[in-house]
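Asks: Each chain is listed here by its residues.
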Amino acid sequence: MSARKTERLLNLVICLLATRRYLSAEQIRRMVAGYEDLGDDAFKRKFERDKEDLRDLGIPLETGSDSSFDDEPGYRIRRDDYSLPDVTFEPAELAVLGVAARTWQHASLGGAASEALLKLRAAGVDIDDAVPVAIETRVATSEPAFDALRQAATDRRAVNFDYRTPGATRHVEPWGLVSWHGRWYLVGHDLDRGETRVFRVSRVVGQVEAVGRRGSVQVPEGVDVRKIVLQMVEDPVRISAKVLVREGSAYGMRRRASSITPHGDGWDLLELPIAHAERLADEAIGFGPDVVIVEPAEARAAVVARLRALAGAPAEAAAGGGT
Amino acid sequence: MSGATEQLPRLLSLVPYLLTRPGAKLSDVAKTFGVSEEQLSRDLELIYMCGLPGYFPGDLIEVDITASGRITVSNADTIARPLRLSRDEALPLIVGLRMLADLPGLQEREAVDSALAKLEDAAEEAAVASSAVAVEVDPPNRSPDTLAAVDRALRERRRLHLTYYVPARDEATERDVDPMRVSVVAGRSYLEGWCRSAEAVRLFRLDRITAVEVLDVPADVPPEAQPRDLDAGLFQPGPDDLAVVLEVGPAGRWVPEYYPCESVEELPGGGALIRLRTPDTRWVRRLALRLGSAGRVVSPPDLLDAVSADAAAALAAYEQLGLLTR
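In order, the protein sequence lines correspond to chains H and S.
Using our numbering, the final residue of the first sequence is 323, and nothing's skipped along the way.
Using our numbering, the final residue of the second sequence is 649, and nothing's skipped along the way.
Errors might be hidden in some of the hints.
[As the list claims (entries may be wrong)] Within a straight-line C-alpha distance of at most 20 Å, the following computed DMTMM-like cross-link-like pairs (lysine to aspartate or glutamate) qualify: (1) H:K5 x H:D53; (2) S:K441 x H:D126; (3) H:K227 x S:E459; (4) H:K5 x H:E52; (5) H:K242 x H:E295; (6) S:K354 x H:E115; (7) S:K348 x S:E385; (8) S:K441 x S:D425; (9) H:K227 x S:D461; (10) H:K5 x H:D56; (11) H:K242 x S:E642; (12) H:K51 x S:E329; (13) H:K44 x H:E62; (14) H:K227 x H:D190; (15) S:K354 x H:D126; (16) H:K46 x H:E26; (17) H:K5 x S:E329; (18) H:K5 x S:E368; (19) H:K51 x H:E72; (20) H:K227 x S:D425; (21) H:K51 x H:E62; (22) H:K46 x H:E62; (23) H:K5 x H:E36; (24) S:K441 x H:D81; (25) S:K441 x H:E115; (26) H:K51 x H:E36; (27) H:K242 x H:D265; (28) H:K46 x S:E329; (29) H:K242 x H:E271; (30) S:K441 x H:D80; (31) S:K348 x H:D126; (32) H:K51 x H:D80; (33) H:K46 x H:E72; (34) S:K441 x H:E90; (35) S:K441 x H:D86.
[Unchecked claim] DEER-style ranges, computed between Cβ atoms: (36) H:P262 x S:D543: 36 to 44 Å; (37) S:A471 x H:G312: 48 to 56 Å; (38) H:E195 x S:D444: 35 to 43 Å; (39) S:Q362 x H:R203: 38 to 46 Å; (40) H:R256 x S:R478: 29 to 37 Å.
It should be emphasised that the hints constitute simulated quantities derived from the structure, not laboratory data.
Note that beta-carbon positions come from the ideal geometry of N, C-alpha and C, so glycine has one too.
Pulled out of the complex, with its shape left as it was, chain H reads as follows (with noise of 0.2 Å):
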């Protein structure tokens, strides 16, 4: 049954690549092999479907017609629009496309890299005769809400979706997605907000609708979305920090201080650009007894408060208590 299909759609494949002029319903329905002993109705509905496939397989199918005379719609696939050009590549350089394509690997797109480098063998093109790379690259794309995303954001489609909590729908215009430290973003424009948004992917709770024409979206001229998840999770440097590290320790820091200096008693003081008093709460306090924070004394506040919950009574510090 399948292989029946596949036999058919290969033949109309064959058929409208080979002919210039346009071809009628009709005409298709007598020359192509597989319609025969159908009725109107049935060859209809097949032919439909047919038309359908091959527009999935992104076969250019053309509707048109030869005269203004014909009113009834002729179909052909131009040999242009169809084929791959031509194209060549060198040795080093089926390297790196297979580099490209294993990255991958087990992602949801492994699939169709796996067949454009098929293609591109098809072209003439030998893989095996690529030289070895010493590079390998992997990105995953586990976030459930990934495809469809990706998927209307290069459709440029809108689209609706609840975020982290189900009933609170986001509606947005898409822009891209971003992959940072291995999280993909996704960049847009928030339909309710009138914003620019950036989307934690793993935070889209359940399906992703598209909605609208394809091509829809309209990406405002100038945008960037790999630097407006940059600028959104790296954090623009604002106040210098004061902080106490003993010697020896705290390596981290003391390679982003902007200078170091002997405080005496085994300790050394840093100056320490720093983005949020906050995050220089969560990194400083991390360090136990290694390191002290002198200013901001919002931050000294902070971590002094934590301490006091963890060692004061270990058991009762329970979670979710949110002091």
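Let chain H serve as the given structure and place chain S on it in line with the hints.
Replies: Below, chain S without anything else, positioned relative to chain H:
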């Protein structure tokens, strides 16, 4: 239906593939296309039935298979070229190449740029849509010298001396490493190599290499050294790893998004019970300190005690330095 939509694209690639390789071996072709030899034979039988309308012998595609399994296809001019790349096919290759192009100091840079230009040309509109997806790799410009040195050592097969910062232990370590490859996983670049101190394959995050020197010693990667299976995840728990259970409240719900966890169990009220395995509990202690009252160690109990002791010692330090408010 799904059979046909899977088989047809394969046939449309198979025909041009075979046209450019007369006498290709059945077994090789099956492997390239990721199908069994039986399936490939069925594909070829089907192709043999197809051709130009009329379907007289001269119209049909000719398929010849020798007794030794060598395939020759002819009379298939209409489908002699593969179908152009779809958007979904072009996107992963283009995004992958653009990601490589962003790595500073890479020796393959030229090949990446030219492959990208050719592919963008061949993919046309499909390439434009690819700009909606991008992968950032850290460090973009922070350690170009490190990557360049690592790259040179790989190319010249020489040993590296590293000063490497280990945050879990807050230590700067010195070691000699025979480089094997650069791996980019989850947006970070790593040097993968044979660590001569550990006598094992180790991953070194490039942004944690504080100093690097290409030594005048040839690299000597032992034959048993196998690069990591990157698809199995970078952090594979070992058999001797300690099991840790953490309970977090809503304010600590971010933890599993940033740390490798074995399981996450949702708790009423928006919290979660997190199980993980680790060879080194020092980072868990840091995490517990950072969480404060937003989370706590449930087990093992001595880890919980260690966290309280860390907190008490830290408070003592603030007191000693006269920085304790109230």
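Asks: Evaluate each hint against the coordinates.
Replies: Hint-by-hint comparison with the structure:
no., hint, in the structure
1, H:K5 x H:D53, "holds (11 Å)"
2, S:K441 x H:D126, "holds (16 Å)"
3, H:K227 x S:E459, "holds (10 Å)"
4, H:K5 x H:E52, "holds (13 Å)"
5, H:K242 x H:E295, "holds (5 Å)"
6, S:K354 x H:E115, "holds (14 Å)"
7, S:K348 x S:E385, "holds (17 Å)"
8, S:K441 x S:D425, "holds (18 Å)"
9, H:K227 x S:D461, "holds (14 Å)"
10, H:K5 x H:D56, "holds (15 Å)"
11, H:K242 x S:E642, "holds (17 Å)"
12, H:K51 x S:E329, "holds (16 Å)"
13, H:K44 x H:E62, "holds (18 Å)"
14, H:K227 x H:D190, "holds (17 Å)"
15, S:K354 x H:D126, "holds (14 Å)"
16, H:K46 x H:E26, "holds (13 Å)"
17, H:K5 x S:E329, "holds (11 Å)"
18, H:K5 x S:E368, "holds (14 Å)"
19, H:K51 x H:E72, "holds (16 Å)"
20, H:K227 x S:D425, "holds (14 Å)"
21, H:K51 x H:E62, "holds (10 Å)"
22, H:K46 x H:E62, "holds (18 Å)"
23, H:K5 x H:E36, "holds (13 Å)"
24, S:K441 x H:D81, "holds (18 Å)"
25, S:K441 x H:E115, "holds (18 Å)"
26, H:K51 x H:E36, "holds (17 Å)"
27, H:K242 x H:D265, "holds (17 Å)"
28, H:K46 x S:E329, "holds (18 Å)"
29, H:K242 x H:E271, "holds (5 Å)"
30, S:K441 x H:D80, "holds (17 Å)"
31, S:K348 x H:D126, "holds (15 Å)"
32, H:K51 x H:D80, "holds (19 Å)"
33, H:K46 x H:E72, "holds (18 Å)"
34, S:K441 x H:E90, "holds (11 Å)"
35, S:K441 x H:D86, "holds (10 Å)"
36, H:P262 x S:D543: 36 to 44 Å, "holds (42 Å)"
37, S:A471 x H:G312: 48 to 56 Å, "holds (51 Å)"
38, H:E195 x S:D444: 35 to 43 Å, "holds (37 Å)"
39, S:Q362 x H:R203: 38 to 46 Å, "holds (42 Å)"
40, H:R256 x S:R478: 29 to 37 Å, "holds (31 Å)"
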